[in-house]
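2 protein chains.
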Amino acid sequence: MSHAVYAPVDGATLAATLTALPAISERLGGKATDWRIREVGDGNLNLVFIVEGEAGGIVVKQALPYVRLVGDSWPLPLERSWFEYNALTEQARYAPRLTPQVFHFDREQAMIVMEYLHPHVIMRKGLIRGVEYPHFAADIAEFLAATLFNTSVLAGSAAEHKARVALFAPNIALCKITEDLVFTDPYREAPLNRWNRPWLDAQKQAFERDAALKAAAQARKYQFMTSAQALIHGDLHTGSIMLTSTDTRVIDPEFAFIGPIGFDVGAVLGNLLIAYFAQEGHEAAPRQRDSYREWIFDQVKAVWTGFHDRFLALWRDARGGDAYPASLFTSVEDRSAMEAERQRFMRVIFEDSLAFAGAKMIRRILGLAHVEDLESIANAERRAKCESKALQLGRQLLLEAKAFSDIAEVVGAARAIHGA
Amino acid sequence: MSHAVYAPVDGATLAATLTALPAISERLGGKATDWRIREVGDGNLNLVFIVEGEAGGIVVKQALPYVRLVGDSWPLPLERSWFEYNALTEQARYAPRLTPQVFHFDREQAMIVMEYLHPHVIMRKGLIRGVEYPHFAADIAEFLAATLFNTSVLAGSAAEHKARVALFAPNIALCKITEDLVFTDPYREAPLNRWNRPWLDAQKQAFERDAALKAAAQARKYQFMTSAQALIHGDLHTGSIMLTSTDTRVIDPEFAFIGPIGFDVGAVLGNLLIAYFAQEGHEAAPRQRDSYREWIFDQVKAVWTGFHDRFLALWRDARGGDAYPASLFTSVEDRSAMEAERQRFMRVIFEDSLAFAGAKMIRRILGLAHVEDLESIANAERRAKCESKALQLGRQLLLEAKAFSDIAEVVGAARAIHGA
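If you read the protein sequences in the order shown, they are chains A and B.
Residue numbers in the first sequence follow my numbering, run continuously in steps of one, and reach 577 at the last position.
Residue numbers in the second sequence follow my numbering, run continuously in steps of one, and reach 577 at the last position.
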């Protein structure tokens, strides 16, 4: 597989490719001719194959040199596979239970062979069906806290951090997608924008003219471009989470780079809040999904609270970070001042997370890439009602993040907009 | 010169080394045996030679593999010369009038051959003698605004910025010096700390026990380690400025990396404020230097105001930055919101600059590396009075940066401490 010129695999050639990898062949078991291979990539950027043999299954993910959603008019570096591989490796160090296992990586072919998650489903699909996942919030809170804390200078040395920064800095093209599609295009006329016409025409126009909102979006874009806090997943929406009732995994970190902590936290919160507003489009009768809406609210609260508490616990226990070295804070007064500083730090992360959540909600309704939670609502007018409410909350979060005193107030704001 | 194993040059071998460089030989003129060579490095880290021939002079700066101030027990990568060369090159693009011209760079030998600045003096020495430099404030304000704005995503693309980040990220060792010596060691017992004993013993102890101050210092260290705003000089004190009454140059950017804008601005302000408090140790009679003190205050105000106004002017005119793209802000309301956002941004830079200025003042009095402004005051008790006042203001700036509404209030605080 290695050192060959890049070529996209297909179902016909993949078995031969995998046969050359003894560990993979063994994992699949049986004869290569009996392996069942299907392409399942429903994402925007890559080929994804599930390969099953008599002993087990694997997933093969190969980058394509263009954006699949748009076509080959939009080239995209294969090298993103290298960043995904490095992110998966780093995340597995700190949240091994919550990432897919990587079996093989081929940089030339931009191909990662990894664990077949089964019977996991993409969380977004579960949210559409109204499925409750009892371990989701605790697991994602753990993933966020463990990966974001441990790849920061709160946990490690400046030298390690600068090495991480240099490793991921070349992931330029995927960061640029976020810079454009999340922070900029939804607020202007851009050829790739889509929205639910004509229902949202007025709201789209209002957003384009909302000077304060645009300034707020750009301030967050600036933060995204200049804040090197931790290795972030970079695309942690509910389509990047696969789970069952007992197991949770975070996949697809090809947007990873050293960025602001709140961007990952906000991605989870924003997508949960989209799912909340989408319920109205999925229920057979009004109020039918009231209890599921409450479950989503509980997840919003539990993800933030769980992340907050776990991140702080890791920080309080840390001894090896170059920032805020524990050796400097040994007296009772020191520890009290340091705890106040931690609370101040987490308050900023809270505001960051809300603002990024708002930006993520807006881009899914007025930008290029939409989400199934909303797209699967067949009646466009009914969908527009959900979308409009999500836009209202998104705007409020992005513009007034500092005004929310806690996560319960965020839930309260969503409830008020839903009921209005 | 290139591809040879690194070896420190000395006066005896340097002429032969330079003879191999035709452009340099020509610039010096005459016979190599007639070149006058003297080692003038009074800094902490490097060899510096002035070479003069009949046609002209040059400076040769070569990194040593250890910290000169401490000795070979403290190794330091030669590669810092590479970062200095790249920083000089980048700064010359945006502030060509204010940087020394580079004639030759040899990465193997960690050697930069550059313009001999003559009859320039190190500004710190001029400040000690009470010399006024009429162009200083405007020139340094221009240097700060031009280099910091133009190496940010306000001026350029995200791709350019990430390339800069990757280029300078390996300058780990010199950043680590700042992290330790500026932000950490002054606030704890560290073997390399020096202070004016016994006069400052109580103040040193008080700083070690000042929990809120330590938390503030660490918050600024965290910012130094994670804020990737612009290519900063990284060591922009008055010993890195050479000038005459008509010409100003910024030298020695070996600490350069992509860091917080306020760190450079604060370095200038903090060192001016140290010079202010040092005057009391240099005047022959009380109040003798009152007018020079006022001149320094004028510089503090003019540097900040000049930087602020010029940075904003560059920003208002910018069309090419990926952050806050001008195309997004075209209506009257847009431009008004964008101007408010610029003011908000500059307010944060102001607070950052004050806090970093405070940290820089403190480290020069309680840490390893001191400054001649104070060290040249022969009477230790008299010196301690100056140092103690500078420490008071440093503490106030670091701890309460947000409380200052403008630069005039900073000057007012310095005046109050001086007069107390």
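A few of these clues could be false.
Treat identical chains as interchangeable: a pair holds within one or across any two.
Stated by the list, open to error - For lysine to any residue, the following SDA-like pairs were computed, each having C-alpha atoms within a straight-line distance of at most 25 Å:
1. K542 / F486
2. K333 / R499
3. K542 / E496
4. K542 / P443
5. K333 / R476
6. K559 / P179
7. K333 / P482
8. K559 / A369
Calculated from the structure, these hints are not laboratory results.
Hint check, failures only: Structure breaks hints 1, 3, 6.
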